[in-house]
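When you get a sec, could you build the whole thing from the sequences and use the hints?
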Amino acid sequence: MAVAQVIIDIPAQQTNRPFDYEIPEELSDIAVPGVRVLVPFGRSGHLRQGFIWRTQDKSEFAGRLKPIAQILDLDPVLNAEMLGLASWLAEDTFSFLISCLQTMLPSALRANYQRRFYLTAPLAENDPVNQLLDHEASGLIPDKIDSALLAHLKRLEQSQQLRIEYQIKQKTKIKQEKQYSGCLQMTEYQDLFNQARANAVQQRQLLQLLVAEPSFAGNVKTWQAQLPELKSSTLTQAVQKGWLKEALVEVYRQPEVESVTTTKQQLTDEQQAAYEAIIAAISDAQNQTFLLEGVTGSGKTEVYLDAIAYARQQGKTALMLVPEISLTPQMVERVQSRFPHEVAVLHSGLSIGERYDEWRRIERGEAQVVVGARSAAFAPLKNIGVLIMDEEHEGSYKQDDMPRYHARDVILKRAETYHCPVILGSATPSLESRARAQKGRYQLLKLTKRPNQIQMPTVNVVDMRQAEKVAGKSDFSLQLITEVKKRLERHEQSVLLLNRRGYANFIMCRDCGHVIKCPNCDISLTLHRDIQALKCHYCDHQEPIPATCPACHSSKIRDYGVGTQKIEQQLQELFPEARLLRMDVDTTSRKGGHQRIIRQFGRHEADILLGTQMIAKGLDFPEVTLVGVINADTSLSLPDFRASERTFQLLTQVSGRAGRAAKSGQVFIQTYNPDNYAIQLAAKQDYETFYQTEMRLRHQGGYPPYFYTVLISVNHAQEDQAVKKVYQIQRWLQPKLSPQAIVLGPTPRMITRVNNQYYYQLIIKYKNEPRLLIALQTLIMNMQGKNNRGFQLRIDREPLQFM
DNA sequence: AGCACGCCGACT
DNA sequence: GTCGGCGTGCTC
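Under the UniProt record's numbering, residues 1 to 803 are what the first sequence spells out, in order.
If you are wondering where the hints come from, they were derived from the structure by calculation, not from laboratory data. Source: prediction; values computed, not measured. One should not assume that every hint holds.
Stated by the list, open to error - Taking lysine-lysine pairs in the BS3-like style, the calculated list, with each CA pair at most 30 angstroms apart, reads:
{"id": "1", "residue 1": "LYS486", "residue 2": "LYS663"}
{"id": "2", "residue 1": "LYS439", "residue 2": "LYS413"}
{"id": "3", "residue 1": "LYS245", "residue 2": "LYS221"}
{"id": "4", "residue 1": "LYS241", "residue 2": "LYS178"}
{"id": "5", "residue 1": "LYS736", "residue 2": "LYS725"}
{"id": "6", "residue 1": "LYS663", "residue 2": "LYS684"}
{"id": "7", "residue 1": "LYS446", "residue 2": "LYS264"}
{"id": "8", "residue 1": "LYS382", "residue 2": "LYS398"}
{"id": "9", "residue 1": "LYS449", "residue 2": "LYS663"}
{"id": "10", "residue 1": "LYS264", "residue 2": "LYS382"}
{"id": "11", "residue 1": "LYS517", "residue 2": "LYS566"}
{"id": "12", "residue 1": "LYS566", "residue 2": "LYS486"}
{"id": "13", "residue 1": "LYS767", "residue 2": "LYS413"}
{"id": "14", "residue 1": "LYS439", "residue 2": "LYS767"}
{"id": "15", "residue 1": "LYS144", "residue 2": "LYS154"}
{"id": "16", "residue 1": "LYS663", "residue 2": "LYS485"}
{"id": "17", "residue 1": "LYS221", "residue 2": "LYS178"}
Written as structure tokens, this is what we have:
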């Protein structure tokens, strides 16, 4: 009897091992590893989705095996490489196999479990179940249902007044579109036209078109291209009247863009040297990692594109990861125009269906070049020739829920499998990567110059302790404002950065000092003036802005801190004639909001772009000649050993936005710490000195890259419980560590309470602890069962956030 | 997550 | 004596 080991999708994920199932004879041909299956699970025998992990001849399991109910794929959705990658990922990130398998696939392939009830007897008029009805006698039972209502449903089921069915819906896969085509003779259309009422303008236009071309066909858009006034309802009516016939046609959701082919640009000497090193590794199938350290504007992208072109010439595929934020239309067009019809793009703006279509194009080999954000690291490419990660230092490459993977590690792993090179590119590499280049594990390639004699911007540090301020607007130095004014006069553009990391707008009472806090979390609420509400950035809590202080009823309650909205208002007062664009989480939260703003600014529809860190990347506009940093300091004072690194990166990146073309650029950095090394060196655009300085400090403090780190965090609704558990874990773990390992804590997390859960943590710094990783695997298993209800454990290897 | 098994309290 | 509370543990 053939047996399949199946990894099952159990919501609570209390198990991390496969379950054996019998493969029915008729399914034996297609029951191969990597296919999705439906299997009965548990006493209820309800179907759940799973993945075949392995197949074998017999089972070790003593009991009776249930058979696989259904196989969902004719071809496996995960090949051998992907299954191996999942297994490595699960171990590396201390996560469950099932969650790794799920994150590697587009969510369209994930099962959608739902419960429906069907009435078998009429309900009482006031029965609460009435609210759930969405059809005549049936309704959906929501996932989040209050337990009383669920219990009520179960009672009704027991008394046979209704029955509950469990269903697994596959999310829509194939998009279909209505196609309308003429189905009558020209003379018939002519007759209809003659009969049509004189005021039926739309119908007459439509018939006129059909008289001219009786077999015209196409979707709504095609028809509207001919008749711009045409409404889709007119087409529907025409179908009803028998003038047209309609049919459903399968379409890809992202039709391929018609693009012009652009060719290779002339490379500078430095670019050429980097290119040659990379292509040698591609043609020799060497698993070599390159760190491409190039100053802003030095043309790293051109090197990437040429490397991809070389891989394509060799008949190989290529993957390029970029941070979500720089996945702009300009960027995508640049790749698409270089490799027409070969590119698949994966980013968060895609709908589930669009994402699946792109995934399918890659999987079928129809797209050989993939550009995407973090999760694109799992793109189902085969025969990869080169893997690229742009802005390699970016924190967004690490996922911050399970599995907590870093896309850099994923592509390094894939490169091992494909024996191909990896290019990590950045103007400000992470210290981890730069240190590896120092040790020779990565090969360092440098681009120190901008092509075409374009100058690096000149950077001025403005000492805000002594600078003359604009009257009444203490956030602006006179110097910066004068520069902005000059740009407005010359019709050039300015970019202003508000460094808001770790800084928020909060509400405080001037009389008693009371700060309005979130009822669920230990954090003050942030003011959002556009929606007239106070919001908590850690849970979903939201409340109206109070008119008086809730503690002392004084009316002198006002907001503190610097927010983009406030700065925007002040700028508008200073320059009433200037066209301003604001870019922050509030203005970009809607789909495409980010790209809309960038496009607008690119068309020079605004003079000043004001924004948070998101403006530091991805924009490349020739008219920008001024970059101003309003407050460089805020990110320096955070209790995180990476504070300097992040500040340096942010300032360097944003400075690089100035003077990308013929016009030279200037940068003004306002700060209260003008002597700080991160600020000084960012002003000089001197990465190498920053690297040396920061490495010394990391060495003294015993931080990465000199030590590895693991963060272990426990949370519970009761604070004493969380404390007890974290100490218990420490006592258990300590004896398993060598004396060289350093344990920090246990300590409460900086924001101890979030969503009414108390968080306590332990940080372990180590160099070589073979027993630690095994111990942590054990810990995660132990925490699942028995007396650990109500606790959540989180293990984060090489965490980027320590707070 | 479901569902059953199992060991304690208030009832026909 | 029994019915049922939901704590505990298993699901191929």
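Run the distance test for LYS449 versus LYS663: straight-line Cα separation, threshold 30 angstroms. Holds, at roughly 16 angstroms.
Would the pair LYS663 and LYS485 pass a check requiring their Cα atoms to be no farther apart than 30 angstroms?
Since the Cα atoms of LYS663 and LYS485 sit roughly 17 angstroms apart, the hinted pair holds (cutoff 30 angstroms).
- Could you grab the alpha-carbon distance between LYS566 and LYS486 and see if it respects the 30 angstroms cut-off? Holds. LYS566 to LYS486 sits at ~23 angstroms (cutoff 30 angstroms).
Within a Cα-Cα threshold of 30 angstroms, do LYS382 and LYS398 meet the stated pairing? holds, 24 angstroms
**Study point:** Proposed proximity, LYS663 with LYS486 (alpha carbon, max 30 angstroms)
**Key:** holds, 14 angstroms
| Hey, LYS767 versus LYS413, does the alpha-carbon distance stay inside 30 angstroms? | holds, 21 angstroms
TODO: Quickly compare the C-alpha distance for LYS245 and LYS221 to 30 angstroms and report which way the hint goes.
DONE: Between LYS245 and LYS221 the Cα gap is close to 16 angstroms, so the pair holds against 30 angstroms.
Just to be careful, I want the Cα atoms of LYS221 and LYS178 compared with a cutoff of 30 angstroms; is the pair within it?
holds, 10 angstroms
(request) Assess, step by step, whether the Cα of LYS264 is no farther than 30 angstroms from the Cα of LYS382, and give holds or violated. (result) Roughly 25 angstroms separates the two Cα atoms, so the pair holds.
Holds or violated: are the alpha carbons of LYS736 and LYS725 at most 30 angstroms from each other?
Satisfied, since the Cα-Cα distance of roughly 18 angstroms is no more than 30 angstroms.
- Query: Hey, LYS517 versus LYS566, does the alpha-carbon distance stay inside 30 angstroms?
  - Reply: holds, 21 angstroms
*asked:* LYS446 and LYS264 were given as a pair; does the straight-line alpha-carbon distance stay at or below 30 angstroms?
replied: Satisfied, since the Cα-Cα distance of roughly 20 angstroms is no more than 30 angstroms.
Against the hints set out earlier in the document, no violation occurs for any number.
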